[in-house]
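Chemist: As a plain string of letters, each chain reads:
There are 2 protein chains.
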Amino acid sequence: MSIHVFSTRIQVPDTSPLQAHFLSPSAPIPGILFIHGWGGDQRFDLKRAQTLAGLGCLCLTFDLTGHHEHEAERDQVTRAQNLRDACLAYDKLISHPLVDPQSIAVVGHSYGAYLATLLSQLRDIRWLSLLAPALYQDDEWLKPKDQLNRTLLATYRQQAHTKEDNQALLAGSLFKGDVLLLEAEHDPYIPKQTILNYRNAFTEAKSMTHRIIYEADHALTQKTAQYNYSTLLYRWAQEMITGARTGLLLT
Amino acid sequence: MSIHVFSTRIQVPDTSPLQAHFLSPSAPIPGILFIHGWGGDQRFDLKRAQTLAGLGCLCLTFDLTGHHEHEAERDQVTRAQNLRDACLAYDKLISHPLVDPQSIAVVGHSYGAYLATLLSQLRDIRWLSLLAPALYQDDEWLKPKDQLNRTLLATYRQQAHTKEDNQALLAGSLFKGDVLLLEAEHDPYIPKQTILNYRNAFTEAKSMTHRIIYEADHALTQKTAQYNYSTLLYRWAQEMITGARTGLLLT
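Listed in order, the protein sequences are those of chains A and B. Residues in the first sequence are numbered from 0 upward in steps of one, following numbering that gives the first Met the number 0. Residues in the second sequence are numbered from 0 upward in steps of one, following numbering that gives the first Met the number 0.
Chain A with its partners taken away, still in its complex shape:
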């Protein structure tokens, strides 16, 4: 992934041609996969995907099985199915001729951030952005996700967990790229302990950027929360993704 530089000449009547250089953004370019949260859909990310495309990345958004048009099937869909969706979406993204398969970012929200973390163990990911990442116990993996006991889940998320007892945290502990970890200040579903479980898990990460989005709920209902999320994501992407391309920090 680099800039294409080639020298050229500009013809001038009656005198020597001028020496010149064209510098162009060259393909392949970084690819960014967006994974929405449980009960959400790809519309959550479209605006941000558009902005990141404007920064020279190729973005892919998609609806998980059992969502949006297929909401009726939601009560049957399992985590295993949705992780398979994420794998297939990833494969679709890297099959695009513009994309550099060595430069893939995955941006997930809540359940999508959980899937993104699991995906990092199955596919090659360089940058991982996790907004209010959810955490689930490993067992009942093939049970419909909607049928997981919510009371047990709430208790589970209040507890300290490590790579020893959680597959997503294990995946995190193996991840060697850059991590953006975003916490919603007023999040009734993802307590601080869950955020810290994730943060502590990424011991091999090249960088860890943990930020709180103030006055935000889990779904970023407020416009300001959405705006602040976008700003944090763009800044990080500029530093990590376009920064990797230009070799310069642009802040």
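I should point out that these hints are in silico values taken from the structure, not numbers from a laboratory. Errors might be hidden in some of the hints.
Unchecked claim - As a list, the in silico DSBU-like pairs of lysine-lysine whose alpha-carbon atoms are at most 35 Å apart: (1) K222(A) to K46(A); (2) K175(B) to K46(A); (3) K191(A) to K144(A); (4) K205(A) to K144(A); (5) K205(A) to K222(B); (6) K46(A) to K46(B); (7) K222(B) to K175(A); (8) K142(A) to K191(A); (9) K205(A) to K175(A); (10) K175(B) to K222(B); (11) K46(A) to K205(B); (12) K46(A) to K144(A); (13) K175(B) to K142(B); (14) K191(A) to K222(A); (15) K222(A) to K175(B); (16) K175(A) to K175(B); (17) K175(B) to K144(B); (18) K46(B) to K205(A); (19) K222(A) to K205(B).
Claimed, not checked - Listed next, with one range per pair, are the computed distances between beta-carbon atoms: (20) Q158(B) to T230(A): 42 to 50 Å; (21) Q10(A) to N148(B): 29 to 37 Å; (22) T223(A) to Q10(B): 37 to 45 Å; (23) T14(B) to Q101(A): 24 to 32 Å; (24) I211(A) to Y226(B): 54 to 62 Å; (25) D13(A) to P96(B): 52 to 60 Å; (26) Y226(B) to Y213(A): 25 to 33 Å; (27) Q10(A) to D74(B): 20 to 28 Å.
As the list claims (entries may be wrong) - If you want the footprint, here are the derived chain A segments under chain B, 3+ residues with CB under 8 Å: (28) 4-11; (29) 42-49; (30) 52-64; (31) 80-91; (32) 126-137.
Just so it is clear, the structure is predicted and the values come from calculations on it, not from any experiment. Each residue gets a CB set at the ideal place from its N, CA and C atoms; glycine is no exception.
Fit chain B to the supplied structure of chain A, relying on the hints for placement.
Modeler: Frame of chain A, contents of chain B only:
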């Protein structure tokens, strides 16, 4: 100039395909022409051109007639010749198939900034970045630039001038795009009055961003001055050029 959005499907075994969207930076892209100062050459701008290419722009740098390899001819070259060079370089840039001719920025330093301003009257320019722009009286246009009387020139630059008596300021007064005007704090060649003559001239500009580069001399000899120049230029380019592409302010 926009983002290319197209919907697609991800095939999933035994169930409905997933709805998805690719969002890609689409050609044409903005073009940026760099014009170096008197006695300089394109190497002054190569690093910045590379960075701006990384932000998704196609950049062109070049050596003016009488410079670099053709330094021997410098004492004979006229402003008319160098302005013609700038026109030809502009034409080379917009002839590139990737470039959107409606989205051209010109980045000039000193004499190159003077030429860039004059060029804006002859060619379609949307963004104009002027670093320590030099100013010259209109007469003796066809006299070798090197033979202009330096004492008279120094006096001329200390005086208030307007579009009524200066062709570059007239070009400025007609310019309808965005202007970045950068002043070197310790500039023995370009006094404050010359900067103000430029600033006052751009009455029709869509925006004016005037900044001082502190502790900088005219040629930005110090590394810090170069770094600060680059930072100001990138921020402005992000707001104006990639901002125009994404429709969002990325600060």
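Chemist: Output the numbers, in ascending order, of every earlier hint that fails for this structure.
Modeler: Violated: hints 16, 24, 25 and 32.
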